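Q: Take a look at the letters that make up each chain.
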Amino acid sequence: MAQSTKTPLIRISKRPAVPTKTKALVYAAAILLALVVCGLVTTLMTGLDPIAVYATMINGAFGTTRRIWVLLQDMAMLLCVSLALAPAFRMKFWNLGGEGQVLMGCFACASCMLLLGDSLPNAALILVSLVASVVAGAVWGLVPAFFKARFNTNETLFTLMMNYVATQIVAYFVILWENPKGSGKIGMINQSSQAGWLPVIADSKYLLNIIVVAAITVLMYVYMRYSKHGFELAVVGESVDTARYAGINTSRVIVRTMLLSGAVCGIAGFLLVAGTNHTLTTTVSGGLGFTAVMVAWLAKFNPFGMIASSFLIVFMECGASEISTTFSLNQSFSDILTGIILFFIIGSEFFITYQLHFRGQTKAAQEATAGKEA
Amino acid sequence: MTDVPSKHAGPVGGTPAVQMCGITKRFGSLVANDSVDLEVYKGEVLALLGENGSGKTTLMDALCGLYFPDAGQILIDGKPVTITSPKDAFDYGIGMIHQHFKLVDVFTMVENVVLGLDQPGKLDLKAAADKITQIADTYGFDVDPYQKVYDMSVSQKQTAEILKLLYRGADILILDEPTAVLTPQEADKLFAVLRNMRDDGKAIIIITHKLREVLDISDRVAILRKGRHVADLVTKQTNEQEMTDLMVGHKVHLNIDRPLPVDPKPRIEVHGLTVKSADGLTKLDDVSFAAKSGEVLGIAGISGSGQKELLEAIAGLQPVASGSITYIGDDGKREELVGKSPRDIASLGVALSFVPEDRLGMGLVANMDITDNMMLRSYRVGSSPFADRKPPRQLAEKVVEELDVQTSGISDPVRRMSGGNVQKVLVGREISSSPTVLLTAYAVRGLDINTSYTIYDLINEQKKRGVAVVYVGEDLDVLIALADRILVLCDGKVSGIVDGRTADKNKVGMMMTELHEEGGANDGAEH
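Quick mapping for you: the protein sequence lines, in order, are chains A and B.
All residue numbers for the first sequence refer to numbering that gives the first Met the number 0, where the first residue is 0 and numbers rise by one.
All residue numbers for the second sequence refer to numbering that gives the first Met the number 0, where the first residue is 0 and numbers rise by one.
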């Protein structure tokens, strides 16, 4: 049969289920490709040797023992907030209020340290701070959840707005409790007594945080994968109708899950203030609540996958700030590199889900068929 | 050029309007179409038959530009063409009427018809309406071009869809299960129109599962099985049995069993049930009936007559405005179901195997595997905070084996399975809870003959066990063959309850469209 017509140059079709090994290979290829492109961009735009730039990045992340600790600490905090978002996201409740929930946890912890620092023994103070942080974060998660369950309000906007409320509350109290007077900020809380500070173990003020987050990671995985609650929230996320049909009280699941999500954010806030920063500012959470959204999505809400995605993000941040100082490049340059790498990683999802067919292949196949018919 | 076993002696010689040669389409390792050859001539109705997953829809999607085949060539009027988008298909005069209508509710018919037409100058609705009326008159449609879509019945909406294509000059029409939503009378009307269009020289392809309709409307039948074109028959020279055997690949018994109910006792009594939708529309109006143990109660009605609300009300998923639903246990104990939670009702043994328009919309979670779907009903068992996946896994294996579910494994998400297999999983789970009442809606919607009969067998098995089965169906032939009694709903009211063994299809069809106060005389419908 005559082939007088053209097939499209590129066609896209869906792939069947892809084995994990292939997925890992695609991701690895994506990162490799991203590094090559980053290298090209670096050379073309700055004239620098890309290998040297990468070496500096690695040095920035792992160069000294202190740097490794900072990397792990940053990773732990980011992971903690991502873990908090995971159950909400699995339930398709788009909790963009992680930032505010962490901040309220920080605020509650700092309040306890400031107000009760002199009156309670240290262990009791830490315990009270922890409980207060958890409650504060949980309440900040509960409010949008309640309105969602009761009135079906849009949780995305609601949680987002709650962030601003939290920031303003903290701003108010920072001025109220400023120390020294007139500085407009709260200095180190209980600097001399170290009341309410988490204990330093193995000479590192970060280690405790890291251990706590590691424990939360395992617990969250078990909760989401094996518990009845985890099953319920997944069903609610997939289809509210099905959940209703199965006799699941969806309102209760929404509220319960957001209490958990907020509570874990509260723990993150507690670790930030009592564990590392020992102070309260409006920016103490440093955008964790938003970066965590990306971390959670990259890992498809799998707690163990989030270890990898939070590492990637934190590594890029550490490395990027190092190259900006070493090569006196603008901080924006490191953002460009981060952007390129994320683009490739997220883009690789496409190649995992879909398959491309090029014209040549199709034509060959068609000719084979035509030949058979002739 | 084809090795298809054929009895075909072309009824209308000449160049085919559409010729598909060697169409192959793969989805991953699945071959949906395997070198399919198909031709349709002007002035004929071709019925495309095949079980679920036999590749009918894929083939038609290739013709409509929704998929591009991996191999093969399409010829229109003998000329090779490339169809890469629905627009290309349209330029060649190919139009498809899907099961789900694509109309703007707040627009009139004429507005919907001209929507998307790229015409320069001023929009002349009057001229368009005149043209619609003229087309309608040619083919025997009964239309009002200025009627709003939201005022239209399902059949009128379908008419609007057909007119949309004809207005744009389509010569090749593809209809995907057009009668699934129609009453018998409406279907007859549609067929009359299709015959007129055929006589006018249009090429028509109709996809349907109802063999009676194939015999009624088509000139030729193309049968697909497992992606291959296995037979090409002249309708006049074939019969239901032959078509079924070819479709399934082996002999099939085409009789639905209807064992006599053994010792039927009222199990569920509904009195004066009234249900209103969220926006205050009355969905069920003073409905009364009894469902008895060991009996299949069929529910007939045009879609949207309150079937969904009725089943949901019994299952506790739908708020009830007034009336009562009483469950009568084996010991004669009466329990009021209105006001009970779905979980409490389920624990009484009321199983709902409800299949809404979208099979996966309720009852199953598409992204979860069979095991997790099995435990949807039972995961609460035990006081442990953790869900025990062992019993549901065993149940999943049992259902897969006993109902012959085609799947690559019980840990595969159910969304990857075909409709029939999804249905088996759902029904299998509901039956496994050994219910006393089985509510099922559209249990065989979109299923092929073989799977449908498996489902009928399952229903009869439950009936023999003394389960009260409520079966909402859309195929009247099946309802009349399967149900012991048929309750006919019309616009939320009971227009009668008839005996399934003596019911007349046309009479039931009439009852679906208008209230028959005397209709239910033989069964004492209380209204």
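No wet-lab data here; the hints were simulated from the structure.
If you're wondering where the values come from, they're calculated on a predicted model, not measured in any experiment.
Virtual Cβ for every residue (Gly too), placed ideally from N, Cα, C.
Check each hint, because a few of them may be wrong.
These stretches of chain B come out as covered by chain A in the derived footprint (C-beta under 8 Å, 3 or more residues) [unchecked claim]: (1) 332 to 346; (2) 371 to 378; (3) 384 to 391.
From the derived model, a few chain A residues whose C-beta atoms are all more than 12 Å from chain B [to be verified]: (4) Ala28; (5) Gly38; (6) Gly46; (7) Leu129; (8) Leu141; (9) Lys180; (10) Ser192; (11) Ser203; (12) Val221; (13) Tyr244; (14) Met293; (15) Ala298; (16) Thr337.
DSS-like mimics (lysine-lysine), calculated; alpha carbons at most 30 Å apart, straight line [as the list claims (entries may be wrong)]: (17) A:Lys91 to B:Lys101; (18) B:Lys86 to A:Lys227; (19) A:Lys13 to B:Lys339; (20) B:Lys389 to A:Lys22; (21) B:Lys209 to A:Lys147; (22) A:Lys13 to B:Lys86; (23) B:Lys41 to A:Lys147; (24) B:Lys389 to A:Lys91; (25) B:Lys41 to B:Lys209.
Q: With reference to the structure, classify each hint as holding or not holding.
A: Here's how the hints hold up against the structure:
1. 332 to 346: holds (count 4)
2. 371 to 378: holds (count 5)
3. 384 to 391: holds (count 3)
4. Ala28: Label holds. Min Cβ-Cβ 20 Å, cutoff 12 Å.
5. Gly38: holds, 35 Å
6. Gly46: About 45 Å separates glycine 46 of chain A from the closest Cβ of chain B, which puts it past 12 Å; holds.
7. Leu129: holds, 22 Å
8. Leu141: holds, 21 Å
9. Lys180: holds, 51 Å
10. Ser192: Serine 192 of chain A clear of chain B: closest Cβ-Cβ about 40 Å, beyond 12 Å.
11. Ser203: For serine 203 of chain A, whose nearest Cβ neighbour in chain B is about 34 Å away, the distance exceeds 12 Å, so it holds.
12. Val221: Incorrect as stated: the minimum Cβ-Cβ distance to chain B is 8 Å, not above 12 Å.
13. Tyr244: violated, 5 Å
14. Met293: Holds, because the least Cβ-Cβ distance between methionine 293 of chain A and chain B comes to about 22 Å, which exceeds 12 Å.
15. Ala298: Since the minimum Cβ distance to chain B is about 17 Å, alanine 298 of chain A lies beyond 12 Å and the statement holds.
16. Thr337: Fine: 31 Å to the nearest Cβ keeps threonine 337 of chain A off the interface.
17. A:Lys91 to B:Lys101: Holds - the C-alpha atoms of lysine 101 of chain B and lysine 91 of chain A are around 28 Å apart, at most 30 Å.
18. B:Lys86 to A:Lys227: violated, 49 Å
19. A:Lys13 to B:Lys339: violated, 45 Å
20. B:Lys389 to A:Lys22: holds, 29 Å
21. B:Lys209 to A:Lys147: violated, 45 Å
22. A:Lys13 to B:Lys86: holds, 22 Å
23. B:Lys41 to A:Lys147: Roughly 57 Å between the alpha carbons, so the hint for lysine 41 of chain B and lysine 147 of chain A is violated.
24. B:Lys389 to A:Lys91: holds, 27 Å
25. B:Lys41 to B:Lys209: holds, 24 Å
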